[in-house]
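Colleague: Starting from the given sequences, assemble the full structure and let the hints guide the process.
Protein chains in written order, with my numbering: chain A, 2 to 269; chain B, 138 to 434.
Honestly, the hints are just simulated from the structure, not real lab data.
Each residue gets a CB set at the ideal place from its N, CA and C atoms; glycine is no exception.
Accuracy of the hints is not assured; some may be wrong.
Calculated Cβ distances over 12 Å to all of chain B for the following chain A residues [stated by the list, open to error]:
hint	residue
1	Leu111
2	Thr249
3	Ser269
Pair ranges (Cβ atoms, derived) [said to hold, decoys possible]:
hint	chain 1	residue 1	chain 2	residue 2	range
4	A	Gly190	B	Phe202	36 to 46 Å
5	A	Ala8	B	Tyr152	53 to 63 Å
6	A	Ser263	B	Arg382	50 to 60 Å
7	A	Leu19	B	His233	50 to 60 Å
8	B	Pro261	A	Trp148	45 to 55 Å
9	B	Tyr152	A	Ser256	21 to 31 Å
10	A	Asn62	B	Tyr152	49 to 59 Å
11	A	Trp148	B	Gln245	49 to 59 Å
12	B	Thr414	A	Ser263	40 to 50 Å
13	A	Leu248	B	Glu309	23 to 33 Å
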Amino acid sequence: MTRTLTARLLQRLWPILLPLSALCGGVAFLFVALIEPMGGLGIFETVLRMTPRIGQLLGSNEIDPTTSAGIASIAYVHPFVAILMAAWPLSVAAAALGGDVESGEADLLLSRAVPRRAMFQAAVATLLAGALAMCASLWLGTALAQWISPPEDPMPLGRFAAAAVVNAVLIASTGGVLLLLSAGSSERGRILATGAGLWLLNFFAGVVAPLFPSLAFLRLYSLQGHARPQAVIASGQIPWPDTGILLTVGVAGLSAAALVWSRRDVRS
Amino acid sequence: MASAFMQTSALTKRYGTTVGIEDLSLSLQAGEVFGFLGPNGAGKTTTIRLLLGFLRPTSGGFSMFGQDIAWGDWRHRARIGFLPGDLRLPRRLTGHQLLGLLGRLHGQINWSWVAHLVERLEVPLGHRIRTLSRGNLQKLGLIQALMHRPELIILDEPTTALDPLVQRTALEVLRELRDQGATVFFSSHHIDEVEKICDRVAFVRGGRLVGVEEIADLRSHLLARVEVRVTGEAPDLSSVEGVIRFEQRGETLALMVRGRPAPLLARLAALPVEEITWQAARLEDHFFTYYERAGEP
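Modeller: See the structure below:
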């Protein structure tokens with residue numbers, strides 16, 4: 002039953018998932034493929050030295066951004082990719098649970114022998130499937146670019162795969178919080194607006210605030226701030242304290258969402 | 138509580154201080170068509186959503202198929218077919234795709250029965266749902282409610298959007314299912330359709346049950362609408378035994394009469410009556426009589 006419901010949700014959301022995944026892969030591809038046409042690594046070095054804040058924004062604290070791996074890793078934290086990675090959990094949250102209540106699909110399903118938990122499991126499975134698809138595409142973009150246009154210094158693709166997994170954990174974690182919002186709501190518009198607002202705050206605290214020393218502490222309160230794919234690429238090690246926080250928030254969000262969804266009234 | 142086919146016991150749902158339904162105790166027997174009649178906002182949809190587990194009761198409970206149903210139980214819903222009042226189906230799917238999806242959720246479906254329903258109700262299944270007319274949408278809604286041959290059919294305003302011909306077919310299908318043993322819970326604010334199909338009817342208003350009557354009993358209660366035209370000044374007949382409503386419009390008297398007609402006829406015999414019409418009351422009249430008895434206008 003959960004499989005049927007997951008297939009149904011994916012069927013509704015593939016027109017969103019497909020372009021999001023393609024864009025993730027495309028961005029990752031471009032960051033490697035454009036190194037040579039833009040004059041090699043030197044140009045990046047010059048730009049980043051002239052604008053240290055941009056360098057910091059793109060991860061100069063975690064990895065040397067003047068190496069091929071450093072340049073390629075920018076795709077994993079770039080604000081555009083961050084927006085893509087937020088768009089997926091937002092889409093799932095707006096379509097499933099609360100979205101199902103608004104569309105009437107909850108009435109159609111829950112009037113049958115469909116337990117609420119099956120609808121919830123389908124939402125989680127869809128969220129995770131999309132997260133994996135996007136992050137696999139991100140890695141494939143990097144790998145494909147390295148194969149077509151090998152950079153001066155070869156990149157450790159295994160580490161990029163681990164970095165993609167960290168990004169998938171970030172998407173799942175964001176999805177946990179947004180599904181909690183969805184589980185208690187009955188309006189897609191409200192889920193989208195509140196979810197987007199929360200994500201912007203999260204992005205500001207995790208990415209923009211650390212550029213200013215007096216606000217750097219805000220990073221600790223942001224999911225984005227705990228996602229460190231570039232650290233994985235640089236060291237080959239997953240930063241477990243940060244990734245653990247992402248996992249904990251994700252699991253807590255999903256558990257709370259399951260509880261809210263199982264107990265709430267589904268009004269017409 | 139678990140002896141009738143379906144039984145509610147002091148079922149109550151409140152939204153803060155607002156009453157959805159209060160202290161509802163009903164009992165349905167297997168194989169009957171039970172009308173649930175009330176104006177908009179009476180608590181009909183709230184009751185149905187409680188029975189389907191969409192809403193959590195504030196207090197009270199219910200049983201179905203001989204079993205007490207607790208909050209969160211869902212397996213019993215395999216035996217229920219439901220047509221919501223504000224039917225919303227996935228707009229991008231075709232009728233075929235929708236029924237296929239629901240069939241996969243149900244498991245075992247007798248597709249020749251579904252084909253029979255589609256043929257009788259004449260639904261174009263190949264079109265996307267967003268392109269269907271309101272009537273076709275409602276027919277598709279009826280098919281999805283009946284496709285698994287449920288033992289209990291819960292219908293919320295089922296024939297609102299249907300043209301009279303299809304409405305007749307839909308009611309015929311429901312009667313056939315009743316004859317084959319299905320029980321129907323039929324919510325409506327249209328008295329005519331309840332009168333056509335139901336065996337018993339419950340009246341609700343303001344979240345409270347006003348009364349439950351056999352349709353046959355209601356009809357035999359001899360509630361009648363009488364209109365009398367007399368020559369000259371019309372007398373006040375409101376005190377005559379059996380007259381429950383009296384209205385005087387010049388030379389014409391409009392009365393609602395309950396019980397034996399003899400006292401009124403005796404009184405009329407002494408008057409210069411020009412014209413008299415005597416009609417069996419519509420169910421609507423019984424409906425309003427109930428409200429008056431319940432202290433409502």
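Colleague: Hints the structure violates: just list their numbers, smallest first.
Modeller: Of the numbered hints, 1, 3, 5, 7, 12, 13 do not hold.
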